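Enquirer: Next come the chains, spelled out residue by residue.
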Amino acid sequence: MKDKLMNGMLSAAGAMQTQRHLAAIKNAFMSLLPIIIIGSFCTLFSNVICNTTPGFFSLANIPGLSFLGKLNPMFTAANYGTMNFIAIGIVVLIAMELGEHYGITDKALPIVALGAYISLCTFTASGKAADGTEVVVTNVLSRVYTNAQGLFVGMFASIAATEIYCRLVKSGKLEIHMPDSVPSNVARSFTILFPSLITVVIISAVGMIFEMATGMTLFNAITAFIQKPLSNILTSFPGYITLVFITTVLWTFGIHGTQVTKAVYEPILLAAFAENEAAYAAGTAIPNIISTPFMSCFSTVTGAGITGGLIIAIMLFSKRDDYKAIAKLALPCALFNINEPLTFGLPIVMNPVLAIPFMISPAVSATFAYAMTKIGFCGRMVVNAPWTTPPGLMAFLCSGGNIGAAVTQIICILLAFVVYIPFVLISNKQQVLTEE
Amino acid sequence: MSLTKRGGDLNMKEKQELQVTDVFTKSRIFTYLWIVFCPPYGLYRVLSPSSEFRRPEKWVWTMIVICTLVTFVKLIITG
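Keeping their order, the protein sequence lines are chains A and B.
Mapping to my numbering: the first sequence position 149 is 149, numbers consecutive.
Mapping to my numbering: the second sequence position 59 is 495, numbers consecutive.
Treat the hints with care, since some could be wrong.
The calculated lysine-lysine pairs, modelled on DSSO-like cross-linking and capped at a C-alpha distance of 27 Å, are [said to hold, decoys possible]: (1) B:Lys-462 to A:Lys-262; (2) B:Lys-510 to A:Lys-128; (3) A:Lys-262 to B:Lys-494; (4) A:Lys-170 to A:Lys-107; (5) A:Lys-173 to A:Lys-328; (6) B:Lys-494 to A:Lys-107; (7) A:Lys-4 to A:Lys-128; (8) A:Lys-4 to A:Lys-262; (9) B:Lys-510 to A:Lys-170; (10) B:Lys-510 to A:Lys-429; (11) B:Lys-462 to B:Lys-510; (12) A:Lys-228 to A:Lys-324; (13) A:Lys-262 to A:Lys-374; (14) A:Lys-319 to A:Lys-173; (15) A:Lys-228 to A:Lys-262; (16) A:Lys-324 to A:Lys-429; (17) B:Lys-510 to B:Lys-494; (18) A:Lys-107 to A:Lys-4.
Restraint-style ranges between C-beta atoms, simulated for each label pair [as the list claims (entries may be wrong)]: (19) B:Glu-488 to A:Ile-403: 30 to 40 Å; (20) A:Pro-347 to B:Gln-455: 19 to 29 Å; (21) A:Phe-225 to B:Val-509: 37 to 47 Å; (22) B:Val-506 to A:Leu-197: 42 to 52 Å; (23) B:Phe-460 to A:Ile-49: 20 to 30 Å; (24) A:Gly-172 to B:Ser-487: 48 to 58 Å; (25) A:Lys-374 to B:Ser-487: 37 to 47 Å; (26) A:Val-206 to B:Thr-514: 20 to 30 Å; (27) B:Phe-460 to A:Met-212: 42 to 52 Å.
I should point out that these hints are in silico values taken from the structure, not numbers from a laboratory.
Here the structure is a predicted model, which means the values were calculated and not measured.
Virtual Cβ for every residue (Gly too), placed ideally from N, Cα, C.
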């Protein structure tokens, strides 16, 4: 029975891990991670260091440090250049990652994918003029299509365009053969001419036919019927707890749960974070509690399963020398949210005693942090700090300098410690029984 | 195939994918800082032959730096 369950889990995880589209999405998001972190830190710097708005807490408002305000354009530009072009970045990255999987490394591929995605966008934008009147501007590309709101459609468009393009190029039926006297780079341009043209036209035609049939653009339809419901599920408390639970269950079977589920949750939680970040930059109310940094701060702090709590529990209550030795070794890693020495060293993997608190702790911690955020003690997450940032400091940075968030994160580790205690005591008894 | 071997194979596949440690090497972190404080030199580091950046990343960072520079110039001009 246990083997059957394990086989099923491994097969499902294996299928998810090796699936080419999911692998391309995961690699693309990993490449995008530094861009997002730079963008969010620039928001923090431009608000906390360089903001010269009177009455706003900022270093530039301290007498003698007003020169810091002059650095504001640099951080604002870096923030704008990163956070507002995430969707464009993801289209290009997915196309190239997937293309490499098919052995196609044409420079035209990312441009074709981008063209296909742009063909699904509309070129009018509405907004309010300075006098408050509604204005419609034509022949512009709204940033809705280039920032995190366009991530989901961008992913679909990029995958579809790459699949069509690669199949057409590989079939070789649309090649235009040039005489030998034509230079190879010129000949290559003609070889990929029809596949590129057909790819963009097919995607554009699908968008046009959809709009004619439903009266709604494909972009708006995907956003309304796929992205929004999925976002509502994953950014809701029950949906998030389910996600955290699935991730830790996979870990207890020796599978990197975060990597397996990442392709599903990352676009959604990242979009939620981007909304928070934009609201923080604009000085308006932060809309979402659950976002990418919330996960790093309260579900995977000191490592998946909040194993920092386990280290404290082992150091205080364990009578097993092997556990104590591994806990001592794992402590420096846990300070940077790395827990492989524990998961594979104790091990937690395939260990029914420690697997239970490993699955419970992140859910307990996330529940506590959610409640603290709801009552306003813990600030909402507006900056995406690197996941290796030490506990306490990480929540402080991610919340834009909120002390309550840092305190909440430390309490989360203590809660995990409480959850782990009975199971560490059981493992003591287990050891005694084994010795007898 | 034994369960342990299958689990091990899966983790090997995961290790072959792009990891956080791959995108946050010392050299890359310096490049990210240069991109914020001096985008042209940051871009030079991204595109240089000895760069650790992969082909898709070079494309995206080039786009990002161009957008950043255009926005920076616009902010300087418009105040």
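Enquirer: Which numbered hints turn out to be false for this structure?
Expert: Hint check: 5, 7, 9, 10, 11, 12, 14, 18, 22, 24 and 26 fail, others pass.
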